[in-house]
Amino acid sequence: MTAQADDQLWSAIADPSRRRVLDLLVSNGDVSASWLAGHVPFSRQAVAKHLAVLEQAGLVSRRRHGREVLYQVEAGRLDQATRAMADLAAQWDRRLATIKRLAEAAHAQAKKGEGSHAPIQGGTS
Amino acid sequence: MSGLVIEGEVLIEAPVAVVWRTITEPDQMSQWFADRVDLVVEPGAHGYMQFGDQGGPVVVETVDPPTRFSFRWNHPRGEEPVAGNSMLVEFTLTPEGSERTRLRVTESGHELLDWPDAEKQRYADEHRGGWAEFLDRLARVLAKGQPG
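Residue numbers (my numbering), protein chains in the order written: chain A, 255 to 379; chain B, 6 to 153.
Simulated from the structure, these hints should not be mistaken for laboratory data.
Just so you know, even glycine gets a beta-carbon here, dropped at the ideal spot from N, CA and C.
Misleading hints may appear alongside valid ones.
Unchecked claim - Chain B is faced by these chain A residues, among others (derived, beta-carbon under 10 Å): (1) VAL285; (2) SER288; (3) TRP289; (4) VAL323; (5) LEU324; (6) TRP346; (7) ARG348; (8) LYS366.
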């Protein structure tokens, strides 16, 4: 996945309104924009805009059914997004583990230094 | 928080001041974050991070020693990062006694601007686990629903 496709994907999912739309599409299968508009707290125009962004990111596709246009989730693309997200989480886990190692080593070093500068610590009581 | 992407937490056996230096001093940051870090840790400071042959600008947002540090990145080149076009990385340090620190990080995305607050809160509550959980759940539902 290229960096640009990545950006498109993230900004598509980043918006909670669009996640809500995706959510509804996943649980209800093929539905129209007007059906969606009846199930969200924002306007029909907003739904249309969100669908366009999701479509551009490859997360949803549409098909004509009689006089209606129905939207559906692209499972493969969603799966790809899930994996990319897991990678991002793993990256932060690695960073946190490194921070822990660095901070603990620095602290141990400082304590050792303190010990050698103050060898009679604890000998007063 | 809407737009939440990732959250992580780690318990570190070191005082909060040591952890603060580890996450904010550029020579330390270059060991856990990027290959090269050009950054002054001051609110509003513009810096640059190099990862291999790629890199990008970062802008420091909050510097509240020794408990809060945040910056924005992944904004479009040439634009000022604001809520809506960038990712916000926030570190929160909580001392647990004098020798131990809880470090929490969140990376969050494009915040929602046009919902009523109550709706935002409700949605955030429903998606407390962030995107990873959201996507995971969707993928599970999809896998169940897919014929074959």
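For this session: May I ask you to test the interface hint for SER288(A) with respect to chain B, counting a Cβ-Cβ separation under 10 Å as satisfied?
Result: violated (20 Å)
Exercise. Does the interface hint hold: is ARG348(A) within less than 10 Å of chain B, judged Cβ to Cβ?
Worked result: holds (9 Å)
Problem set entry | Cut-off 10 Å, beta-carbon criterion: hint that TRP346(A) touches chain B | holds (5 Å)
Problem set entry | When the least beta-carbon distance from VAL285(A) to chain B is tested against 10 Å, hint result | violated (14 Å)
Problem set entry | Interface hint for VAL323(A), Cβ within 10 Å of any Cβ on chain B | violated (21 Å)
For this session: Would you check whether TRP289(A) satisfies its interface hint, that is, whether its CB is within less than 10 Å of any CB in chain B?
Result: violated (17 Å)
For this session: Identify whether the interface hint at LYS366(A) stands, where standing means a beta carbon of chain B within less than 10 Å of its own.
Result: With a minimum Cβ separation of about 13 Å from chain B (threshold 10 Å), the hint on LYS366(A) is violated.
Exercise. Does LEU324(A) pass the interface check with chain B, least Cβ-Cβ distance below 10 Å?
Worked result: violated (15 Å)
When the structure is compared with the earlier hints, violations turn up for hints 1, 2, 3, 4, 5 and 8 and for no others.
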